[in-house]
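Undergrad: What the sequence shown shows, in my numbering, is residues 18 to 203, in sequence order.
Because the hints were derived from the structure by calculation, they are not lab data. Possibly wrong hints are sitting among the right ones.
Claimed, not checked - Only pairs whose alpha carbons sit at most 30 Å apart, straight line, appear in this in silico DSSO-like list of lysine-lysine: (1) K101 <-> K24; (2) K141 <-> K158; (3) K158 <-> K101; (4) K125 <-> K97.
Said to hold, decoys possible - Beta-carbon label-pair distances, calculated as ranges: (5) P169 <-> V100: 34 to 40 Å; (6) G94 <-> L64: 17 to 23 Å; (7) L202 <-> R54: 45 to 51 Å; (8) C166 <-> L96: 21 to 27 Å; (9) V100 <-> K165: 41 to 47 Å.
Glycine included, C-beta positions come from ideal geometry on N, C-alpha and C.
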Amino acid sequence: MNIINQKTGWIEVICGSMFSGKTEELIRRIRRAEYARQPLLVFKPALDDRYDANNIVSHSQMQAPSVPISAPGEIYGYLKDGVKIVAIDEAQFFDASIVDVCNDLADKGYRVIVAGLDQDYTGKPFGSMPQLMAVAEYVTKNLAICVKCGNPANRTQRTVHQDVQILVGSTEAYEARCRNCHEVLE
18 MNIINQKTGW IEVICGSMFS GKTEELIRRI RRAEYARQPL LVFKPALDDR
68 YDANNIVSHS QMQAPSVPIS APGEIYGYLK DGVKIVAIDE AQFFDASIVD
118 VCNDLADKGY RVIVAGLDQD YTGKPFGSMP QLMAVAEYVT KNLAICVKCG
168 NPANRTQRTV HQDVQILVGS TEAYEARCRN CHEVLE
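Please work from the sequences and hints to get the whole structure.
TA: The following block contains the structure:
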């Protein structure tokens, strides 16, 4: 990562399929900021309560305290003097206003770190993640390992039949797959 003038904010996006380590990477960046004594706030969508209602939690059970919110604009109500970093997990679950909020925070000098799925279970771009990736200064794309063949996996395979784009779940409903092993369930 390049050093950027401290008076300038920026956006970092961590994306990839499920089981690629997005939340682990977000937590790693949070921990580094804490070691550097940089005040930060961490947010997650209130609808994602898979492992914990208040903490962001990776599939490997790494966790960090967070504030559950229903809409990106709620972030402003939690900002206080001295905060330098705003971290947001599972950004694909928020509406399109997440892009404006992240841009506004970066314009105001915050380091904004966002993690989320870049593709839905059909392999199509998910929510506002493509727009966030386009405006970000840094994009990290994580790959998982395909459970079928062992190749690098950039897709999320839904293993249960549900005709909705958003289905909060974990290993009971999803697997990491490569492009060759990924199938869209009809």
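Undergrad: Does each hint fit the structure? Answer for all of them.
TA: Cross-check of the supplied hints:
1. Annotation: proposed proximity of K101 to K24 holds, straight-line Cα distance about 10 Å (limit 30 Å).
2. In summary, the hint linking K141 to K158 is supported, as the alpha carbons are separated by about 16 Å, within the 30 Å threshold.
3. Taking the CA atoms of K158 and K101, the gap is about 24 Å. The hint holds against a cut of 30 Å.
4. Straight-line distance between C-alpha atoms of K125 and K97 comes to about 13 Å, which keeps the hinted pair within the 30 Å bound.
5. A C-beta distance of roughly 36 Å is found between P169 and V100, which places it inside the suggested range of 34 to 40 Å.
6. One distance hint, 17 to 23 Å for the beta-carbon pair G94 and L64, holds here, with the actual separation near 19 Å.
7. Range check, L202 to R54: Cβ separation about 48 Å, and the 45 to 51 Å hint holds.
8. Range check, C166 to L96: Cβ separation about 46 Å, and the 21 to 27 Å hint is violated.
9. Taken as a hint, the range 41 to 47 Å holds for the pair V100 and K165, whose Cβ atoms sit roughly 43 Å apart.
Going through the hint list in order, the structure does not satisfy hint 8, though it satisfies all others.
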